[in-house]
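Below, each chain spelled out in residue letters.
2 protein chains.
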Amino acid sequence: MREDIEQRLSEIRFGPDGLVPAIAQQHDTGEVLMLAWMNREAVRTSLAEGRACYWSRSRARLWRKGETSGQVQILRELRLDCDGDALLLLVDQEGVACHTGRRSCFFRAWREDGWQTLGAPQISPEELYSKSGG
Amino acid sequence: MREDIEQRLSEIRFGPDGLVPAIAQQHDTGEVLMLAWMNREAVRTSLAEGRACYWSRSRARLWRKGETSGQVQILRELRLDCDGDALLLLVDQEGVACHTGRRSCFFRAWREDGWQTLGAPQISPEELYSKSGG
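Respectively, the protein sequence lines represent chains C and X. If you're matching positions, the first sequence starts at 170 in my numbering and goes up one per residue. If you're matching positions, the second sequence starts at 170 in my numbering and goes up one per residue.
Just chain C, with the same shape it has in the complex (with noise of 0.2 angstroms):
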């Protein structure tokens, strides 16, 4: 079994860097809440444990979506893209999906006059990231 997944695991064309984009999106919705990125450990931990987990280049480690601010993503369905160089999650988003408190990433929209944001924080990144004690 174990060996099935990761054979499965393999159909997935990670880069030279071991990784590939991967989009969040709001199961209901269709929302597109954040651009993230998965390794191999990643994506099997987001499958085993039912919740997205990313690959943290700044960090340079595994992260739980939502492991300070309690902002998980219940994985609803993991796709492959054609390539198979690109995933798409298919998630429930608990409050947002944001560290500026909004609930998606892509809050700036190009306009004549500069890039605009679009809609105010639902939460402050301050009390987002107090509730579970950092």
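Please note that the accuracy of each hint is not assured.
[To be verified] Restraint ranges, calculated between C-beta atoms of paired labels, are given here:
1. C:Ser227 - X:Arg280: 30 to 36 angstroms
2. C:Gly219 - X:Gly219: 38 to 44 angstroms
3. X:Arg213 - C:Glu175: 38 to 44 angstroms
4. C:Gln176 - X:Glu172: 51 to 57 angstroms
Think of the hints as simulated: they come from the structure by calculation, not from any bench. Glycine residues also receive a C-beta, built at the ideal position from the N, C-alpha and C atoms.
Got chain C; can you put chain X on it based on the hints?
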């Protein structure tokens, strides 16, 4: 004006290879169609022409989506994420996004017994790429 655009483009944090991942999402249904890559010139061209233009990593050149298949993506809105290193394109997809003839490139879903293919092609790849004479 040109200078302004260049300054705004500077808020996009392209990677060491000059690229950022770009998600294409159907603007009205919310369907995630594909993930591709953009360099600065691709972003500039997309904005100037009002249709999605990517950087093809395999062909190492600008790639106007639909240039051979006719399946263009009209750009409705360009969004940037909180970290500035990922783009979301809200598009109006003409026909299908995937070279397999499917609407979305994310047509493989993880199941207990392996990757399951969702949905049949709407058009055959042969027909898709013979339309405009290659």
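Here is how each hint holds up against the structure:
no.: 1; hint: C:Ser227 - X:Arg280: 30 to 36 angstroms; result: 33 angstroms, holds
no.: 2; hint: C:Gly219 - X:Gly219: 38 to 44 angstroms; result: 41 angstroms, holds
no.: 3; hint: X:Arg213 - C:Glu175: 38 to 44 angstroms; result: 42 angstroms, holds
no.: 4; hint: C:Gln176 - X:Glu172: 51 to 57 angstroms; result: 53 angstroms, holds
Of the numbered hints given earlier, the model fails none.
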